[in-house]
Amino acid sequence: MFNSFLVEVSGNTIFVRRYGQGPAILLVHGFPRTSLMWRHLAPKLAENHTVICVDLRAYGRSGIPASSHDHFPYSKRAMAKELVEVMSRLGFPTFIVIGHDRGGRVSYRMALDHPKNVERLAVFDVIPIFEAWKRADARFAQTYWPWSLLSQKPPLPESYLLGAPEAVFHNPFGEGSFGHEVLQEYISTYYNPARVHGICEEYRAAATIDVEHDRADKEASKKIECPMLHLWAEGGWLDTYYTKDGGPLGIWRQWAPKVQGQAIKGGHFFPEENPDDTAVLVKLFLSAI
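In numbering that gives the first Met the number 0, the protein residues as written are 0 to 288.
Incorrect hints may appear among the rest.
PhoX-like, lysine-lysine: derived pairs with alpha carbons at most 25 angstroms apart [claimed, not checked]:
| hint | residue 1 | residue 2 |
| --- | --- | --- |
| 1 | Lys43 | Lys282 |
| 2 | Lys282 | Lys222 |
| 3 | Lys217 | Lys133 |
| 4 | Lys222 | Lys243 |
Worth flagging that the hints you see were computed from the coordinates, not collected in a lab.
Please model the entire structure based on the sequences and the hints provided.
Set out below in structure tokens:
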């Protein structure tokens, strides 16, 4: 069982699902999901932890702050700071953070910007934004269509998402094995023009200001110092595309000296599709000295 509620933070409200008791784990979803994506994994981690699942700003039931010309309110830096405040208000000044997809990028930014708050970091099926754009080519653009489409100037991407919201869930970066009720919960985000604009603003930030934040850290040799776990989809994009870089771990080792990880079955949404194996690997990571 879980409790759900809203947390008031500076200039926004964040929707939370809370499971269990003990040291805190923050779970951060990605596109096109909400905190509902953790419904199978969270209870497994809550056996001896407090698990906090959040809706990112603009998604699900969280608030929708106004954006700006530079997209900063939807930058990973702004979103990471907001979630650190959420955890502080819940009584957890330090915590473990686990993020998938867009949430993975918020999570690694959190570890870079707020190292005193993040005890351990796990990132699922993503590499740093700077590294992804640096290696982008035609195949990347065709495969990672949200990066290409949703970062375009408004109102084009907003019009696509609002016009055919269910289509998002009928491709490898959206589909899952869930039933109609879960699908409708996810799609409800995409009936709201303000939410859709916020989601597109996050992708615009990922194509602009987030790259600059990553670039500054890379040039300054700033590292993620806490222990880090990276899991990625077996046979998926990260498993096959970056072999010349030593795979995703080869890329992450440039950012996180204490990273470990492996491929896992279940596709891009393996935390939702394969929660048992995901939980085993996460628990091993959490219990390591």
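Enumerated hints in conflict with the structure, sorted upward: Of the numbered hints, all hold.
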